[in-house]
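Student: The chain contents come next:
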Amino acid sequence: MLGRSLREVSAALKQGQITPTELCQKCLSLIKKTKFLNAYITVSEEVALKQAEESEKRYKNGQSLGDLDGIPIAVKDNFSTSGIETTCASNMLKGYIPPYNATVVQKLLDQGALLMGKTNLDEFAMGSGSTDGVFGPVKNPWSYSKQYREKRKQNPHSENEDSDWLITGGSSGGSAAAVSAFTCYAALGSDTGGSTRNPAAHCGLVGFKPSYGLVSRHGLIPLVNSMDVPGILTRCVDDAAIVLGALAGPDPRDSTTVHEPINKPFMLPSLADVSKLCIGIPKEYLVPELSSEVQSLWSKAADLFESEGAKVIEVSLPHTSYSIVCYHVLCTSEVASNMARFDGLQYGHRCDIDVSTEAMYAATRREGFNDVVRGRILSGNFFLLKENYENYFVKAQKVRRLIANDFVNAFNSGVDVLLTPTTLSEAVPYLEFIKEDNRTRSAQDDIFTQAVNMAVSIPVALSNQGLPIGLQFIGRAFCDQQLLTVAKWFEKQVQFPVIQLQELMDDCSAVLENEKLASVSLKQ
Amino acid sequence: MAAPMLRWGCRGRRWAFARVDGGSCHRRGAPTGSTSNQIRGESSVAQQPLHTAQKTRKGEHKWAAVVGLEIHAQISSNSKLFSGSQVRFSAPPNSLVSFFDASLPGTLPVLNRRCVEAAVMTGLALNCHINKKSLFDRKHYFYADLPAGYQITQQRLPIAVNGSLIYGVCAGKKQSQVIPKTVRIKQIQLEQDSGKSLHDNLRSQTLIDLNRAVGLLEVVLEPDMSCGEEAATAVRELQLILQALGTSQANMAEGQLRVDANISVHHPGEPLGVRTEVKNLNSIRFLAKAIDYEIQRQINELENGGEILNETRSFHHKLGCTMSMRDKEGKQDYRFMPEPNLPPLVLYDATSLPAGADPQQVINIDQIRETLPELPSVTREKLVQQYGMLLEHSFTLLNEVGLLEFFQNVIKETRAEPKKVTSWVLNTFLGYLKQQNLAVSESPVTPSALAELLDLLDSRTISSSAAKQVFEELWKREGKTPGQIVSEKQLELMQDQGALEQLCHSVMEAHPQVVMDVKNRNPRAINKLIGLVRKATQSRADPVMIKEILEKKLSL
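Line order of the protein sequences matches chains A and B.
Residue numbers for the first sequence follow my numbering, so the first one is 1 and each next one is one higher.
Residue numbers for the second sequence follow my numbering, so the first one is 525 and each next one is one higher.
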């Protein structure tokens, strides 16, 4: 049951094959078994069981709220949840319990979804590994998959298996691990420059960044307001569409949501053929750092479309190479601004120093934020200084417009969907990942995702190492349904294998013991 | 622009209309910052009024002062600028705070339509160009009552620009001439008010009240003013306009209108001097005092070889001087940034309004223009035309809170001539109020009572001196009507010719010497007789009538 898709388990609930409470308990028990993945910061067991009970009553009375009723979901710990601690994986917000639900959380609850818990992330979503949070790194469930382990056994160079676990990618790594390890059927991530698509690619999931303005940001603790979008992580495209259907729509609390009427529900047709489609391949995305495996899968995917009758053309997005530096300026500037409210006065961490308000601010912020956050605040404030504003912030805004226009031009030239890699390579081991700093990693890992408004990452195949590789489809803003329809067709063609975690689940205790050893060796 | 020279400035009590103390333009002996300056000041002109100082320099050191204002008016609305929480003055601290007002993470601003309409209205009333597209920005600084660490304002592209405010300054020998003056309005921007810090020095703690995060109109007046009283009059006019529009209650005592003044002095023809900003001026009287003090301080400083620092100063109303606020952080860099959570504010007019637009979703400038109420300048014009009063009287009627309404109520109920009503309201009534420092609303005399009194006067039932007596009785709040007072005190004019003749006769008999004087052609003697008769009638007789009788009896 746990291995099924959201749509399948929803059908099972409707047919009475399983009750919401049973389903909830199964997930809770799996969450406990996979605790070492560090996917969850908070497990909201009581809340989930109570919601399950209510859902069960509705099913009994024939008053199901729809596809999401009784479905266990997880939410990244940067979405406000009423009565449930929301930390952003930061000391700054440890113990902060919001008095309100983010609109997206509320919408899921209104549809009867069961909130299993809050998932781990990089502190304030700043990172691409889910390694830089105050609660420690998230482990990629694929580290423990049969597929990966068998490949490693073949490799004579493999060292200690258990200290060689892989990162999930980030920053929504906790949500990705939670869905990937079957502890829930869908999870909310947030996606600014790739934070949902990147871990989805590394964890073999569908990771969707809807169009900016389609889904409310109210209650999402912001990274970059002008680019943040609540993201969706699921095991298949149809599931993502179901969740999008529940989330999409204008919100009076978020003035950047659009008032255009949207087609609901987001039912995805099954494309019979793709002969009317035009797929664009951006030539600038073929960068030297791209792993040969990803490159080869990318070109196979293009061939697949072509062989099925689609028009596949090379397109140019000439300003692509500026996107990383442009993103850096805009991101850090907004970060500097958004983080200003964390001053220790009203909520969150406050230091013991009370000689003056200013001293209290300084010490609180020093203690509350990690180096990555402080570094971005510092750069951002530099870019916003009066003397620098024109040279950095305004220029970056202009470049952003040029980059956005690249996409508009591509779509206006007749391209329906762009096909690109999601990441340079498959997930890397944690010990490998931390050799580079957060900024370098983010720049590399988000190279294909940062500049993009609306896109979905689809798992395509396993690498030679037995690890998932994803490809990204980029769509025209507010053509989310069209994009997902194409993605669904592609998903059906590639038949990505299911993660085989049986061994892990059967043999949890062994893993947990090894885990202790691993952490000891890490300290050394 | 060329600022008028200070020496032309207002001298003495020039503006009865501006509710400012007379003579505030000329503060004496502005103490300068340091002791050494003070000593030097004493040896030169620091203790001298400004115009004297100029005389001694024989025109060599003519100083012109340049004053610009930034005025923050709290928008009168039911809810805050960016959140749905209520707005109410003197509500219990932090009782009207939404999650957004408290800057809880993840909350977003939602613009209040009413505040936008208020800004458009104010912009139109101040002859501004209304920007069809305006933007919001974040202004960053750390302060305990600014929970987000930034204020949302309109720095780059405000909602209204390039307006003007016309206010009247009195001139002429008797201050009876009103000269219109214009101050340009640079811009009007919408912004969010901060919370309020309450410093408890006893326990050395600061308490924060976030109720106040309401919508503000920041009105920026160009430096077209040259002294405290001009600034004060301009602010008063703006206050009247805001109140007439209903866009702000503009009560300075309640912090609904707050003024910061930018002040510099220079020699005409030379570049403008370094300016200082005097903050938190919370009454019109202090505004005028603070500006004049600061002008004088700067002149003294410069004449003594000192220099003016570009700094923020505050006005201490008890000491009557401005003092440096000694901003520890030095020059602030507010690190302005576009507010990413608010799309551009787009307004429409009749020509640009999209067909089929939802009226709830759009704001139509032309529609707002049509609903603009009468502005104070028009009201004054009407008063002059309708009642034949002097322009400065119309200023006084509008400047005193509630006085115009009082006047109009009296007019409605009395048969007396408007000029008579004007004179009674502005002289007698206002005089009594001023003497006891009362507001119109606190007056013991109602408009009806005054109307009745003026009717009695108009019908010659009582003399004007008796009327004064009745008014004084009314002021005692004994609940009697003018009619009752007149009959109790027997103040009616004596209409009985016979009785009056009898009285005249008695008086003449009692004062033969005065009668002799009259007969000896002493011209003053007759007045003395009239006075004596009036006294005998307890001022109830018409002096004209007495004179006629006396003249007849004395066969003059």
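Calculated from the structure, these hints are not laboratory results.
Just so you know, not all the hints are guaranteed correct.
[As the list claims (entries may be wrong)] Calculated lysine-lysine pairs in the BS3-like style (CA-CA distance at most 27 Å, straight line):
id: 1; chain 1: B; residue 1: 943; chain 2: B; residue 2: 906
id: 2; chain 1: B; residue 1: 906; chain 2: A; residue 2: 386
id: 3; chain 1: A; residue 1: 386; chain 2: B; residue 2: 657
id: 4; chain 1: B; residue 1: 663; chain 2: A; residue 2: 395
[Unchecked claim] Partial list, derived from the structure: chain B residues whose beta carbon lies under 8 Å from chain A:
id: 5; residue: 635
id: 6; residue: 662
id: 7; residue: 828
id: 8; residue: 866
id: 9; residue: 868
Ideal Cβ placement from N, Cα and C applies to all residues, glycine included.
Student: Each hint should be assessed against the structure and marked as holding or not.
Tutor: Here's how the hints hold up against the structure:
1. 943(B) / 906(B): With Cα atoms ~14 Å apart, residue 943(B) and residue 906(B) stay inside 27 Å; holds.
2. 906(B) / 386(A): Not OK: residue 906(B) and residue 386(A) at ~50 Å, beyond 27 Å, violated.
3. 386(A) / 657(B): With Cα atoms ~24 Å apart, residue 386(A) and residue 657(B) stay inside 27 Å; holds.
4. 663(B) / 395(A): holds, 20 Å
5. 635: Hint on residue 635(B): holds, closest Cβ of chain A at ~7 Å, below 8 Å.
6. 662: Status holds, d = 6 Å.
7. 828: Where the cut-off is 8 Å and the nearest Cβ of chain A is about 33 Å from residue 828(B), the hint is violated.
8. 866: holds, 6 Å
9. 868: violated, 11 Å
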